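*Asks:* Please construct the entire structure, taking both the sequences and the accompanying hints into account.
There are 2 protein chains.
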Amino acid sequence: MHTTTRIAEVDRATELAGDAFAATVGASDDTRAGWLRAIADALDAHVDDLVALADGETALGAARLTGEVARTTGQLRLFAAVLADGGYLEAIIDHAAPGRPDLRRMLRPLGPVAVYAASNFPFAFSVAGGDTASALAVGCPVVVKAHPGHPETSRRTAALVTEALAAAGAPVGAFGLVEGFEAGLALIDHPAITAAAFTGSVAGGRALFDRAAARPAPIPFFGELGSINPVVVTEAADAVRGAELAAGLAASFQLGVGQFCTKPGLVFVPEGSVLEAALPAQVGRAPHRLLTEAIARGFRAGLEHLAGVPGAALVAGTVSEPAAGPEPLVYAVDLATFTDPAFTATLTTEVFGPVTLLVRYPDAATLVGALAALEGSLTATVHAEPDEDVTALSAVLADRVGRLLFGGWPTGVAVTWSQQHGGPWPATTSQHTSVGATAVRRFQRPIVYQDAPEAVLPAALREDNPLGIPRRVDGVQVR
Amino acid sequence: MHTTTRIAEVDRATELAGDAFAATVGASDDTRAGWLRAIADALDAHVDDLVALADGETALGAARLTGEVARTTGQLRLFAAVLADGGYLEAIIDHAAPGRPDLRRMLRPLGPVAVYAASNFPFAFSVAGGDTASALAVGCPVVVKAHPGHPETSRRTAALVTEALAAAGAPVGAFGLVEGFEAGLALIDHPAITAAAFTGSVAGGRALFDRAAARPAPIPFFGELGSINPVVVTEAADAVRGAELAAGLAASFQLGVGQFCTKPGLVFVPEGSVLEAALPAQVGRAPHRLLTEAIARGFRAGLEHLAGVPGAALVAGTVSEPAAGPEPLVYAVDLATFTDPAFTATLTTEVFGPVTLLVRYPDAATLVGALAALEGSLTATVHAEPDEDVTALSAVLADRVGRLLFGGWPTGVAVTWSQQHGGPWPATTSQHTSVGATAVRRFQRPIVYQDAPEAVLPAALREDNPLGIPRRVDGVQVR
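Going line by line, the protein sequences match chains A and B.
First residue of the first sequence? That's 1 in this note's numbering, and the numbers climb one at a time after it.
First residue of the second sequence? That's 1001 in this note's numbering, and the numbers climb one at a time after it.
Accuracy of the hints is not assured; some may be wrong.
[What the hints assert, rightly or not] Facing chain B, from chain A, some residues (calculated, C-beta under 8 angstroms):
hint, residue
1, 209
2, 234
3, 236
4, 402
5, 406
6, 411
7, 414
8, 418
9, 419
10, 444
11, 446
12, 449
These are computed hints drawn from the structure, not numbers from a lab.
Because the structure is a prediction, the values reported are computed rather than measured.
Note that CB positions come from ideal geometry on N, CA and C, so glycine has one too.
*Replies:* The following block contains the structure:
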């Protein structure tokens, strides 16, 4: 399709979204919850078609993709439950007092939201994924920029979403899809767009972030970018269960051919670890190709950077040009190399694909000091024995991440009320999560009504609390 | 002082703040509440000195300044109460379930915060004002960039804050003060700074916002910039109490010599209104000069822009070059001029100082359509009679502001749990407030602990809830 046509589509979708906002901002929680459930039902009803399309485009396999559709529809239904609860409105009422008016505050939707779909989750972080679901949930129309890695899956999903929303009575323009690189730029620039959400690379996210900030009227940009996801294995944990940890690490870093933003990319192990010795036996050929040729190019470039660091040893896998899929790889360096300012940036840059880096540390105290070199990540993981004191280790990691795991592996992000998927730069550009119930806060802003007549007040703020939602009244939380 | 010395001071204050964070992030709520109360007590104990200094530098008058110190110390004590409540931590616990780990989420401080003080509130939005109080409250060290309009007041306040914090056991570096334009730029660029808060002009705020966004690691910039604060007077309200409204408007737009970010700068009145006829008698000479020569220059330039719009009529006051204080002024235009794209931008640009603009509308329906031309503001105000339906009017204004008043005037911002001081661009760059209890959210980010041992968990997330704070547990809010 011609670029001019695609930019005309951005204008059309975005203007329709602007018009739709007048209806979505006023729709009740029940109504919007109905929209989300209608989308979920439509996707579930067409799961086989969707999975077949997506497997053809991404090679991620039917089992994984079927699970991902379920995760996506479960996510839509969780946001419907969030609306029913009403806590997401953060309602606060201060009755009039001497010298002070009656003030009633709640959150309201920002307006039309641009969503940039990811390559690696063709459902859960794509057209009807968490960003779309959380924006629609709170009453923001959504215009999705499709990811070029799965265009047919995107179009089919969009058609199902559009049909389901229409049948559920949502306004025209509540949802739209645009395609193409230039369309993505036009979308972030469009005056009617009030916020953007993005999942992808640091370079792509930074380019859109810069553009969002440079607008005549800047808008918030919620980018989930890159993450190295450090893992620390203590000497005691390695001694007790190094082989088991090797198996867990191998499974986690190879999952989805290493194409997870939560892939453990940096693993601190004791020098001479059981884990390192056991790892090669756990690393096998990838079951399928990388998602796109661009990702494959990036993977090869990342490997060259890693291999170019003096002393970087290949401890599992062999570098090759495979026909069917990339060879999963494990490199290792010493802590002294890691902390050398000449190499730290290279060694802490995410390489998207099936590779991880072991960093061999001489002792725990030296390790904790070295962790200060880490930038922000989505996650950090500690493997320790129950009787160890990991307070200092936890404190230094908590400063740098959004999710701190004790045991387990960071791949796999449960969609719950408390989940936090987001961390300090460069992991995200956000003080919020893109997964879990509180993801809706990205697309809301507060408003306070001063001395408003009951007839004007939204239901959430009326004196008799007709919605029965949790509120803070005169300083005290009540339900 | 030389610029190089001042920039060295930025490095020193910011590095101390970075070091202090290790202590402030771990300090208990009780401890930090004690710091805030110690600052409040110190300011209250020196109110006479502080007011005398500030009156000499700002000419705002002892009565107003004494009230402002009380507001400032009340604000510090409100944040201490917010900490005691614990709701600000937004604690959420999801116990482990089949296929899902134990997840415990709370908010934690970002790190060192840069605060840019305002000219027009030498206490409440300056060295120990709301930005400093809310950042310190949640455990963020603060480096304040003093406003050049009241340097001695800033230094004296900073000395009191520093002394009070030291006596209360806060770490060195929890608070610092820097001065000078170049120091302000160096501060926003410093890698240890994790967020910034600003109250001031659109131009100044935009320059700092752009710089915060352009950093290698971008940081959130919470700017409270300009606001026109539209007011709508219905035909019925004008007929019933136009003269009373004229008196209220005159008092509000002249308050503090028009130097409030909530000054009503744009007032929609019926053609031939009682209000307009009654207004000239209410407008008198300003009691004192504008805050700074820069503000006086901006005021004169703004008046020239207004007076240059064809048909703009001066309806109260006379343009002069007063020796003691500026002449408060009221201009008026017709709605057709206001909606003319050639003039809307000029007529909706804030002029900081004692001037307001009446826009005469022919009928209510035409007015509601014209309000779509408004950009974001901190506030909007509706003056209507009790039996009028103001639903449509309220809806169009609610899309554009953070505080919507029914009756009353926007100057005066109560410091409460529910207050919202912030609105869509250009009013702020934020989805948060800079006044009221929820202002703390600007300086926090979420973290979730996965399968963490009790010994590592912060008190807020321990199973037995030792702090007794409100939490959401397995989807249900409990206290």
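*Asks:* Going through the earlier hints one by one, which of them does the structure break, listed in rising order?
*Replies:* As far as the earlier hints go, 2, 3 and 6 are violated by this structure, in ascending order.
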